[in-house]
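Visitor: Those sequence lines, one after another, are chains D and R.
So the first sequence is residues 1 to 264, counted in our numbering.
So the second sequence is residues 1 to 264, counted in our numbering.
The hints are simulated quantities; they were obtained by calculation from the structure and are not laboratory data.
It is possible that some hints are incorrect.
Claimed, not checked - Below are the SDA-like pairs computed for lysine to any residue, each with C-alpha atoms no more than 25 Å apart in a straight line:
1. K136(D) - L198(R)
2. K136(D) - L14(D)
3. K136(D) - G115(D)
4. K163(R) - L198(R)
5. K136(D) - H27(R)
6. K136(R) - L14(D)
7. K136(R) - K163(R)
8. K136(R) - G244(D)
To be verified - Output of the computed footprint for chain D on chain R, the stretches with three or more beta carbons under 8 Å from beta carbons of chain D:
9. 21-28
10. 65-76
11. 114-126
12. 228-241
C-beta: ideal position from N, C-alpha, C; glycine also.
Protein chains: 2
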Amino acid sequence: MLPMRHETESSLLLPTEAPAARVLNAHGRAPAVLICEHASRFIPAALDGLGLDEAAASSHAAWDIGALDLSVELMGALDAPLVHSRISRLVYDCNRPPEREDAMPQVSEVFSIPGNMNLTDAQRTQRVRDVYEPFKTLVSSTLDERPEPPVVITIHSFTPVYKGTPRTVELGILHDKDDRAAQLMLSHAESSGLRVALNEPYSATDGVTHTLREHAVRRGLPNVMIEVRNDLIDTAEGVNRIAGLLTPILQSVIQDLSHAEAKP
Amino acid sequence: MLPMRHETESSLLLPTEAPAARVLNAHGRAPAVLICEHASRFIPAALDGLGLDEAAASSHAAWDIGALDLSVELMGALDAPLVHSRISRLVYDCNRPPEREDAMPQVSEVFSIPGNMNLTDAQRTQRVRDVYEPFKTLVSSTLDERPEPPVVITIHSFTPVYKGTPRTVELGILHDKDDRAAQLMLSHAESSGLRVALNEPYSATDGVTHTLREHAVRRGLPNVMIEVRNDLIDTAEGVNRIAGLLTPILQSVIQDLSHAEAKP
Numbered sequence: 001m002l003p004m005r006h007e008t009e010s011s012l013l014l015p016t017e018a019p020a021a022r023v024l025n026a027h028g029r030a031p032a033v034l035i036c037e038h039a040s041r042f043i044p045a046a047l048d049g050l051g052l053d054e055a056a057a058s059s060h061a062a063w064d065i066g067a068l069d070l071s072v073e074l075m076g077a078l079d080a081p082l083v084h085s086r087i088s089r090l091v092y093d094c095n096r097p098p099e100r101e102d103a104m105p106q107v108s109e110v111f112s113i114p115g116n117m118n119l120t121d122a123q124r125t126q127r128v129r130d131v132y133e134p135f136k137t138l139v140s141s142t143l144d145e146r147p148e149p150p151v152v153i154t155i156h157s158f159t160p161v162y163k164g165t166p167r168t169v170e171l172g173i174l175h176d177k178d179d180r181a182a183q184l185m186l187s188h189a190e191s192s193g194l195r196v197a198l199n200e201p202y203s204a205t206d207g208v209t210h211t212l213r214e215h216a217v218r219r220g221l222p223n224v225m226i227e228v229r230n231d232l233i234d235t236a237e238g239v240n241r242i243a244g245l246l247t248p249i250l251q252s253v254i255q256d257l258s259h260a261e262a263k264p
Numbered sequence: 001m002l003p004m005r006h007e008t009e010s011s012l013l014l015p016t017e018a019p020a021a022r023v024l025n026a027h028g029r030a031p032a033v034l035i036c037e038h039a040s041r042f043i044p045a046a047l048d049g050l051g052l053d054e055a056a057a058s059s060h061a062a063w064d065i066g067a068l069d070l071s072v073e074l075m076g077a078l079d080a081p082l083v084h085s086r087i088s089r090l091v092y093d094c095n096r097p098p099e100r101e102d103a104m105p106q107v108s109e110v111f112s113i114p115g116n117m118n119l120t121d122a123q124r125t126q127r128v129r130d131v132y133e134p135f136k137t138l139v140s141s142t143l144d145e146r147p148e149p150p151v152v153i154t155i156h157s158f159t160p161v162y163k164g165t166p167r168t169v170e171l172g173i174l175h176d177k178d179d180r181a182a183q184l185m186l187s188h189a190e191s192s193g194l195r196v197a198l199n200e201p202y203s204a205t206d207g208v209t210h211t212l213r214e215h216a217v218r219r220g221l222p223n224v225m226i227e228v229r230n231d232l233i234d235t236a237e238g239v240n241r242i243a244g245l246l247t248p249i250l251q252s253v254i255q256d257l258s259h260a261e262a263k264p
């Protein structure tokens with residue numbers, strides 16, 4: 001008798017849609033690793049666009065606008081590896097653990113996500129297995145294969161207007177328990193001319209530091225989460241300008257920390 | 001007495017706008033090098049947008065829409081280095097030698113380029129020195145530092161409608177004197193489902209194979225120029241789909257050629 005086929009046995013991604021995550025510049029020489037969890041708004045064909053209209057599917061709800069472009073620029077400028085997801089966070093938010101309800105959100109800011117309503121356990125398991133696990137495994141192996149302990153830097157962007165309220169901060173520097181890199185970055189960023197704030201527009205208490213915690217804090221690696229307001233990086237000019245401002249700041253942070261002791 | 005200062009002594013690029021060209025994934029392991037000459041529509045602040053309106057500045061005249069996104073995808077999928085320009089081809093077209101009039105075009109398709117009218121020799125020299133030369137040097141050093149002779153692959157995109165005429169070809173495969181890689185690619189691409197054509201929508205006789213000639217033919221390296229219709233790669237979904245189709249084709253070409261003799 002043939003074994004029963006479960007929904008979770010088939011892959012969510014077509015062969016041409018895989019892999020769910022990728023490492024670029026894997027052999028980069030800086031003692032740092034860049035991570036971009038919300039790099040893509042790609043929704044696998046099997047999910048039929050999650051029932052979203054074009055406005056929602058191209059909005060900040062689906063991805064961090066400009067974050068991959070900025071990450072690729074920083075990767076080149078710093079010569080650091082970059083690990084990024086290739087799947088929309090509305091399919092699975094790789095900066096959330098599987099047990100979190102908002103890993104597959106039913107509502108994101110003002111958008112409701114039809115394709116995420118009433119997910120079965122099998123559907124949730126499939127997304128964890130095919131989107132989150134490959135990302136997590138790739139981040140882990142990239143960190144473990146570095147020749148020296150890297151600084152872990154996650155790159156995000158945020159919307160200038162959230163639920164109708166404008167945000168004036170331009171650069172948010174966020175940390176979890178280990179704030180070494182964040183404090184250093186804050187001090188180096190003061191002369192950037194950007195409106196900088198610590199732990200804005202979110203903070204660890206909002207549950208946004210999963211990657212830092214899962215991958216960096218656990219390994220004792222210094223780490224920081226960067227949030228850039230997305231209207232600053234939604235054009236080529238903006239990406240170049242912000243990358244030009246962040247590069248010397250991050251070089252200083254990496255330099256200051258590259259000989260730091262791993263924090264137990 | 002102080003020496004006279006010439007216009008060409010100051011850099012066209014601000015420190016935050018440099019470098020003019022970049023190599024990504026420099027230590028990638030595939031015996032191939034990807035090149036994207038028209039990756040960016042960035043115009044240095046000193047040139048005041050070349051006098052273009054937003055429609056022209058964001059059009060295919062200023063850059064190859066989607067080409068960098070596709071190149072980064074292929075770079076990751078193939079694990080090949082990628083060299084790309086970071087400056088708009090309207091400032092300097094890195095796929096043209098300095099003596100060509102259209103290296104700094106006064107007209108591109110239907111757009112006239114006010115900032116390129118009546119350029120002085122000093123202005124032309126500055127653009128060559130600050131945009132073309134760094135790109136050329138970086139391509140050369142990247143090729144020369146590869147541990148084995150690479151296949152040279154340039155990535156371009158073209159507009160679906162040119163001077164009012166629709167183009168039906170989806171994937172153009174172009175070659176210069178050495179057609180080894182192009183013929184192999186053509187044979188492997190037949191089953192892709194794409195409308196493929198050799199030497200369309202341009203060919204070497206249009207002067208579009210400068211990079212191939214300058215860097216690959218001269219070194220005896222197999223080479224091919226890829227042109228993708230830009231409406232196929234102007235979204236994340238499109239880039240993933242085309243990258244998914246091109247990856248196995250290029251892997252086959254690289255595999256077939258990686259042990260080929262250098263062609264004198």
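Visitor: Given that the stretch 65-76 of chain R was listed as covered by chain D, double-check it with a C-beta distance under 8 Å for 3 or more residues.
Guide: With 3 residues in contact (Cβ-Cβ under 8 Å with chain D), the coverage given for the stretch 65-76 of chain R holds.
Visitor: Counting residues of the stretch 21-28 of chain R that have a beta-carbon nearer than 8 Å to any beta-carbon of chain D, does the count reach 3?
Guide: With 7 residues closer than 8 Å to chain D, the stretch 21-28 of chain R meets the three-residue bar; holds.
Visitor: Count the residues of the stretch 228-241 of chain R whose CB lies closer than 8 Å to any CB of chain D, then report whether that count reaches three.
Guide: Answer holds; 4 residues pass the 8 Å Cβ test.
Visitor: Would the pair K136(R) and L14(D) pass a check requiring their Cα atoms to be no farther apart than 25 Å?
Guide: violated (38 Å)
Visitor: Please verify whether K163(R) and L198(R) have alpha carbons no more than 25 Å apart.
Guide: holds (21 Å)
Visitor: Does the alpha-carbon distance linking K136(R) and G244(D) stay inside the 25 Å limit?
Guide: holds (22 Å)
Visitor: Run the distance test for K136(D) versus L198(R): straight-line Cα separation, threshold 25 Å.
Guide: Not OK: K136(D) and L198(R) at ~42 Å, beyond 25 Å, violated.
Visitor: Three or more residues of the stretch 114-126 of chain R near chain D by CB distance under 8 Å?
Guide: violated (count 0)
Visitor: Starting from K136(R), check that the Cα of K163(R) is at most 25 Å away, please.
Guide: violated (31 Å)
Visitor: When you check the alpha-carbon spacing of K136(D) and H27(R), does it fall within 25 Å?
Guide: Cα-Cα ~23 Å, so holds.
Visitor: Is it true that the CA of K136(D) sits at most 25 Å from the CA of L14(D)?
Guide: Answer holds: K136(D) to L14(D) is near 20 Å, not above 25 Å.
Visitor: Need the status of pair K136(D), G115(D): alpha-carbon distance at most 25 Å?
Guide: holds (24 Å)
Checked against the numbered hints above, the structure breaks hints 1, 6, 7 and 11 and satisfies the rest.
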